[in-house]
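In order, the protein sequences belong to chains A and B.
Counted the way our numbering counts, the first sequence spans residues 1 to 376.
Counted the way our numbering counts, the second sequence spans residues 1 to 376.
Identical chains share a label here; the pair holds if one copy fits it or two copies do between them.
When the alpha-carbon atoms are kept at most 27 angstroms apart in a straight line, the in silico DSSO-like pairs for lysine-lysine are as follows: (1) Lys-308 x Lys-223; (2) Lys-57 x Lys-192; (3) Lys-293 x Lys-271; (4) Lys-186 x Lys-235; (5) Lys-321 x Lys-192; (6) Lys-223 x Lys-302; (7) Lys-186 x Lys-271; (8) Lys-69 x Lys-271; (9) Lys-57 x Lys-69; (10) Lys-235 x Lys-321; (11) Lys-330 x Lys-186; (12) Lys-302 x Lys-271; (13) Lys-235 x Lys-302; (14) Lys-105 x Lys-293; (15) Lys-186 x Lys-321; (16) Lys-235 x Lys-308; (17) Lys-223 x Lys-235; (18) Lys-223 x Lys-61.
Everything labelled a hint here was simulated from the structure, so no lab data went into it.
Remember, predicted model here, so these are calculated numbers, not experimental data.
2 protein chains.
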Amino acid sequence: MSYQYLSYSVLRQFCVDVFQRFGFTESEAYIIQDVLLSSDLSGIESHGIQRMVRYHKGIEKGMIDVHAKREIVFETPISAVFDAHNGMGQLAGYYAMELAIQKAKANGVSIVTVRNSNHFGIAGYYAKMACNQGLIGLCCTNSTAIMVPTYGRVAMLGSNPIACAFPAEPNDFLFDSSTTVVTRGKLEVYDKMQIPLLEGWALDKDGHPSTDASDVLANIAGKNGGGIMPVGGNKEELGSHKGYGFAMLCEIFSSILSLGCTSDECNINNKGGICHGFMVINPALFGDAEQIKQHLSSYLCKIRNSPKAEGQTRIYTHGEKELEAIARAKAHGIPVQDNTIMELSNLCDYLDLDFTEYFGEQFLNFKDSGYTSQYS
Amino acid sequence: MSYQYLSYSVLRQFCVDVFQRFGFTESEAYIIQDVLLSSDLSGIESHGIQRMVRYHKGIEKGMIDVHAKREIVFETPISAVFDAHNGMGQLAGYYAMELAIQKAKANGVSIVTVRNSNHFGIAGYYAKMACNQGLIGLCCTNSTAIMVPTYGRVAMLGSNPIACAFPAEPNDFLFDSSTTVVTRGKLEVYDKMQIPLLEGWALDKDGHPSTDASDVLANIAGKNGGGIMPVGGNKEELGSHKGYGFAMLCEIFSSILSLGCTSDECNINNKGGICHGFMVINPALFGDAEQIKQHLSSYLCKIRNSPKAEGQTRIYTHGEKELEAIARAKAHGIPVQDNTIMELSNLCDYLDLDFTEYFGEQFLNFKDSGYTSQYS
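With the rest of the complex left out, here is chain A (with noise of 0.2 angstroms):
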């Protein structure tokens, strides 16, 4: 694998193209590619504009409606339930997340859910709305069955991802982790790369322990049993029922809250049913809302200056890296595959726009026979 850097602006005004030429509307567009780009900018290539090919394949199967309207079928001051009618993720949960934060600023804490909604990139960006505001902001999500429950062989929840984000100095606090022990990203590269798992980290069809990572995605892409294990493993000596655990709590304030599909029922048949859950409180509902920053800072710093594991040198608190990625990608460019570079150039052609006038000429020889969609 190797990887070209691309402009951030550049690669910016390309989304908000592209997507709008999928359909979505300017604004929608925009939004659309603020969380794509935010995950490649933090480094989350996995969730980044890699996965632009994958949208467009489930706006053409139908899986995605692009002209969803967004439905408030429960509300409370205090509360909502979205009906994302099929739309697109990052619209579902940009939009729910703005509603938590305006009931949050109006009453102090508020939790909204979404069902039948898509993949939604990084859970911390919508998380990180609410903070970039001062207030404490949840999220999380379930996503297609992945995760095998202890003792089981049959993956029943999701990667289940969860983050918060809690305003804090110099950085803010931002922790966004699946409750998988690894997402299946992760799997991909090690299949790619042919080398084999770690273990830990995956189960075979049977429900036991393997380190072979395609076998392992073949059996979770034909559902064959298998899957990831939760963080923890897959015993509970090592903490796998926590793992599970933590990914239950996904499942309770998304699926569940929502009346939803849980994750066994997502991405089937055609239909994603995504369902996520957003929770935004105001600090001061707590005393000094300053006060309590500081208080975070300091203990965040102590933890940081505490000392290292002999032979390490740097203990790091939760959204430093991503930060630190950002103003790399900032400065010298996103990294992007020769992959994904090739898929989104075929794209272009596809949707009739001109891949060299936003990147360059270098670019043309990334260019195969043609991109033929697989759904057309």
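Go by the hints and put chain B onto chain A.
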């Protein structure tokens, strides 16, 4: 280690009497025993009556103030911050959750935090209080620093449990889990049995993995460095930063939002300083509460009935193991270690209570040379 089986109803009366001798009122003593014995009944021996002597020492040292007057230092209709003023953790926890339930019943949701408290027993007890009234209960606490952050070598976070209880049939969902891979109690058991710890549990004073229970425990006690790993271990490859992140969420919802002591400052210089967090959510904020309950119940049932890993016969959903332990203990008595019986018998002498009056004469031989409080 050998166990005796003591009657639940006799133990209740015994605990109420003992805590009254400690100086608590009858109703306070009743609450404390209920938290402790709920733990023993559920099979969580580490947080049950075996801690009575430790609480007694805490009172004698002045770390726990029997006559502490809890004070609400900040309040809104949906939130409150308690200062427990060094009171008994179980009382702080109980009354904070009571207030949270009351506020959630009135306003749909509530968050109450507590500072300057002490060890409060099992977090699940308080989450279950809300659940018993048809509400969603969440609870977390910080604790003595014992978790070493990823790449560190000094404990900066507690075992920091998170509990969530949600009404379901036939049994409520009850997740209650420390965010360390195991608790200190587990290390103590391995130490007593003189067998090596599992790989992936603990770190020595330099931050290297260690399987030497007695060395790790001595370092923890002496604050020499080392401690227990987060769930996910000590490397990012298996998700160490995830367990560390979940522990940070506990810290945020306990010490940070109460402006209290963070775990690294707890139980130092004869001051507990422990902080707790409680959240209650009315499921009716999201539609028909009964329908939501059925939705979760059906998902839990599907998970339990999903195919098992080869060689496994059962998939548990969270809360089942505890319920089965409760049924066993109510039928056959609560298992109490000989060691604990000796401690309790000696404590009785010290408090001028007659141990044999509660449990019969068969425990007379458990008495040793007389209980002398370490601090009297």
